[in-house]
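**Q** Using the sequences and the hints given, assemble the complete structure.
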Amino acid sequence: MHFSELLSRLSGAAEQPRFLAQDPQLEGAAALDQAQAGQLSFLEPGNALLQALESSNASALLLPNDAAVQAQASARGIAWVALANPRLGFAEALEALYPAKRPAPARHSTAVLDPSAVVGEGVFIGPHVVVGADCQIADHCQLHAGAVLYEDVQLAAHCTVHANAVLHPGSRLGEGCVVHSNAVIGSEGFGFVPTAQGWRKMPQTGLVVLEPQVEVGCGSTIDRPSVGETRIGAGTKIDNLVQIGHGVITGKGCALAAQVGIAGGARLGDGVILAGQVGVANRAVIGDRAIASSKSGIHGEIAAGEVVSGYPAIPNRLWLRCSAAFNKLPEMARTLRKLNAADQG
Amino acid sequence: MHFSELLSRLSGAAEQPRFLAQDPQLEGAAALDQAQAGQLSFLEPGNALLQALESSNASALLLPNDAAVQAQASARGIAWVALANPRLGFAEALEALYPAKRPAPARHSTAVLDPSAVVGEGVFIGPHVVVGADCQIADHCQLHAGAVLYEDVQLAAHCTVHANAVLHPGSRLGEGCVVHSNAVIGSEGFGFVPTAQGWRKMPQTGLVVLEPQVEVGCGSTIDRPSVGETRIGAGTKIDNLVQIGHGVITGKGCALAAQVGIAGGARLGDGVILAGQVGVANRAVIGDRAIASSKSGIHGEIAAGEVVSGYPAIPNRLWLRCSAAFNKLPEMARTLRKLNAADQG
Amino acid sequence: MHFSELLSRLSGAAEQPRFLAQDPQLEGAAALDQAQAGQLSFLEPGNALLQALESSNASALLLPNDAAVQAQASARGIAWVALANPRLGFAEALEALYPAKRPAPARHSTAVLDPSAVVGEGVFIGPHVVVGADCQIADHCQLHAGAVLYEDVQLAAHCTVHANAVLHPGSRLGEGCVVHSNAVIGSEGFGFVPTAQGWRKMPQTGLVVLEPQVEVGCGSTIDRPSVGETRIGAGTKIDNLVQIGHGVITGKGCALAAQVGIAGGARLGDGVILAGQVGVANRAVIGDRAIASSKSGIHGEIAAGEVVSGYPAIPNRLWLRCSAAFNKLPEMARTLRKLNAADQG
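Chains X, W and P are the protein sequences, given in the same order. Each residue of the first sequence is one higher than the last, beginning at 2 in the working numbering. Each residue of the second sequence is one higher than the last, beginning at 2 in the working numbering. Each residue of the third sequence is one higher than the last, beginning at 2 in the working numbering.
Honestly, I wouldn't trust all of these hints.
Intra- or inter-copy, both count: the list cannot distinguish identical chains.
Said to hold, decoys possible - For lysine-lysine, the following DSSO-like pairs were computed, each having C-alpha atoms within a straight-line distance of at most 27 Å:
#	residue 1	residue 2
1	Lys202	Lys102
2	Lys102	Lys339
3	Lys329	Lys339
4	Lys202	Lys253
No lab work stands behind these hints: they were computed from the structure.
**A** The following block contains the structure:
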């Protein structure tokens, strides 16, 4: 695809400055320091790769509104366009340069569908897929090889379930949800009542609701509750190996990084961001747009917009100062011993 | 089901006070603050939902032995029964109201069983299940879609293996064990010998023994050892995404929350409770009924009955005080600098 | 197998002292404190099981070059050989005593292979395996039951993919790689661009390259990047439930223990060892042969050969002293209050 053709696919590119001394044919894309001739790359304001511009072999660039950077690219003879959000443009460009392969609608002969399952138009059902009784699969869904839907699972239109993922009864997926390979939705929550005879299972009979445009990463698990719902808000993105306990409710547009664990009954507001390996305790409450840095552990309540770190999690600024002081504890202890001895001397 | 009929299913209900002005027909159950007409709910002593009793639409309640709460329910015209353990009663009620669907015994035509496998009476074998050579599947087991048993796997009666779970050679499951979706039992332990040519694999030839009534959560992994056994004690419940290394031995009735990791050779006593994301180091020893709070990291030895927190784990009470002091470290450092300056002044 | 025959399989045994009063027939192997008659065991220098030698029922032993230990074994009438590396010898012995079962080359009738897939000689393809378009499976690979290869996956010779593992497009496995059950290779990296309309997916079009002799544990996930490569160096061993983000590059011979998480773009040198539950932040850089102890969290840069602990990770020796001081914080705070009161008194 020629760069000029690509430009027509980039939102907001029309009104922006550009440099098209040549109009290179683009074969693909790469990071600025690894790009070869025929490849597109991009730069953001403050990008660490800025110095790579001096030697990059990229043939075309998406640049920020920075005249110096643009002049440098022009001087090197690299075609470019300025964009308000070069990263977003790069996402659009990758979609154009590497069009996603969408399997043609089909029902593989090895798939096993219960006769009571209702399947819409344009659905792809791959090899060895299993669809249980009373399932509803709306139009344009994709069920990849080995995916298993127990009975009573409902998928709205345009959902994708990747290979060997498992959806248990009571799973309800909104439009455009993606469940990645080996994820498990709707499994029984970890609810046991202690008795004199040992742990007795609390039946888990509720629903798991994924609102539209939710993504669930590979190997992640989202449990159904004993009663009521586990609910993931629209547009929330969940990375790999994340555990979400029974009865958790998240707001819209949250981002949960890999290996996060959220215990039963916790509540997250809209736009909450949890970095890798964060843990959230039972019934904790996290306000809108709060952010927890990696490995932090959250109990109780976090206010909206708060940025927290550590375990137990405290405001990030305080935690940074406490952590710095932690590293000086041996020295502090020594000084304290000295002063104490002097005081008692 | 009428409430009066349900009462006959609840252990210990016969001798308890009750209020049955009406005898509502129950369609299901819900948390007290979400229950609608026709639904059952419950309250425990000290339950945070107590105030929801004032406005709940529940038609029937399981209550603790608390006259004030009972009077309040009667005043609102809600049918109720008192129970010594309302949570246990709720578990029994859910079983009655939402009877578990047990697939009828069958062997799906797409399942692949080695001719040497021995399969008992009343067994359900779902689509695309694979059972290897010399496996033994006792009566009333359920193997759900896509489950894979390599050769030499033994299941006692009434075991359930959920969809796409994998059992490797040498897996031995006691009666009534449950392996949830995508869990892996009996995979090779992570044993490598460092050599000048790199890591050399130590063959892992031992067994993984799950004693009766063990549950293993979705995506959890339990490794086989080089020699000897990995053994999970009877009635131990393991949540999702838990890793149990080769040669670990746990006692009976332990509860391991999500994302716990137990390294090779560790020993847990009976009734040990590990909260979410706890880590246990190689060959650590944890005494009976010890409890580790979330994210703690355990080395060495923990005494029976101890409650520990933090990393490295220390007694919980001490840890609470140390954590509180941690948050004041910047202030402590400031005071210390001031005193030190005065001392040297 | 007689002990004398086994000796011929152990590298470096020929020139070593031995004691063969009898030449026991060996049926298997076990730890020293659990070995029965007919079993082999081993001891390393400083091994905690040394005292078990007094009562062990083992029939034969691999011993270190330690005359006292050897004399003790001889006195008890146990056959033994000395080895420079008894643990390595034990690995070799287990291979001899428990020869790995290798499935005979075959293509199961239930496997579904795209006609464009190229499959080499001596390949085992188990039940319900799926191989997509344009895949290349070189000689002597094993694909176990339920494994799914999307299109455009390449396996060099002697690779093993265990049950229900999933390989996405762009996965490239070098010779002798092992992907354990339910692992996922080449899934889309967690890349989203924040926009006014919510998270927009950055297409993930790059490759995941596993160099030769890499092992990936059960349930572990390795993501493909938007552009370029995620690359795991030759001989690197990855335990269960490990997450490796998009664009991560590791050196050769690393060892990553269970539940480690490595965020996007991080770089590891050769021979890096990360203990269980370690987290590595985006774009962190870890030098050759650095070691991180369990649960540590790494940001920024770690020098080659460094041993680090804690979060944020600091040199292990410092961390040990800081942790010890942490446990005395309440006492320190008390002393400080006393001195401050005296100062102001």
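**Q** Indicate, hint by hint, whether the structure satisfies it.
**A** Evaluated hints:
no. : hint            : verdict
1   : Lys202 x Lys102 : between (44 Å within a copy, 15 Å between copies)
2   : Lys102 x Lys339 : neither (70 Å within a copy, 67 Å between copies)
3   : Lys329 x Lys339 : both (16 Å within a copy, 16 Å between copies)
4   : Lys202 x Lys253 : between (32 Å within a copy, 16 Å between copies)
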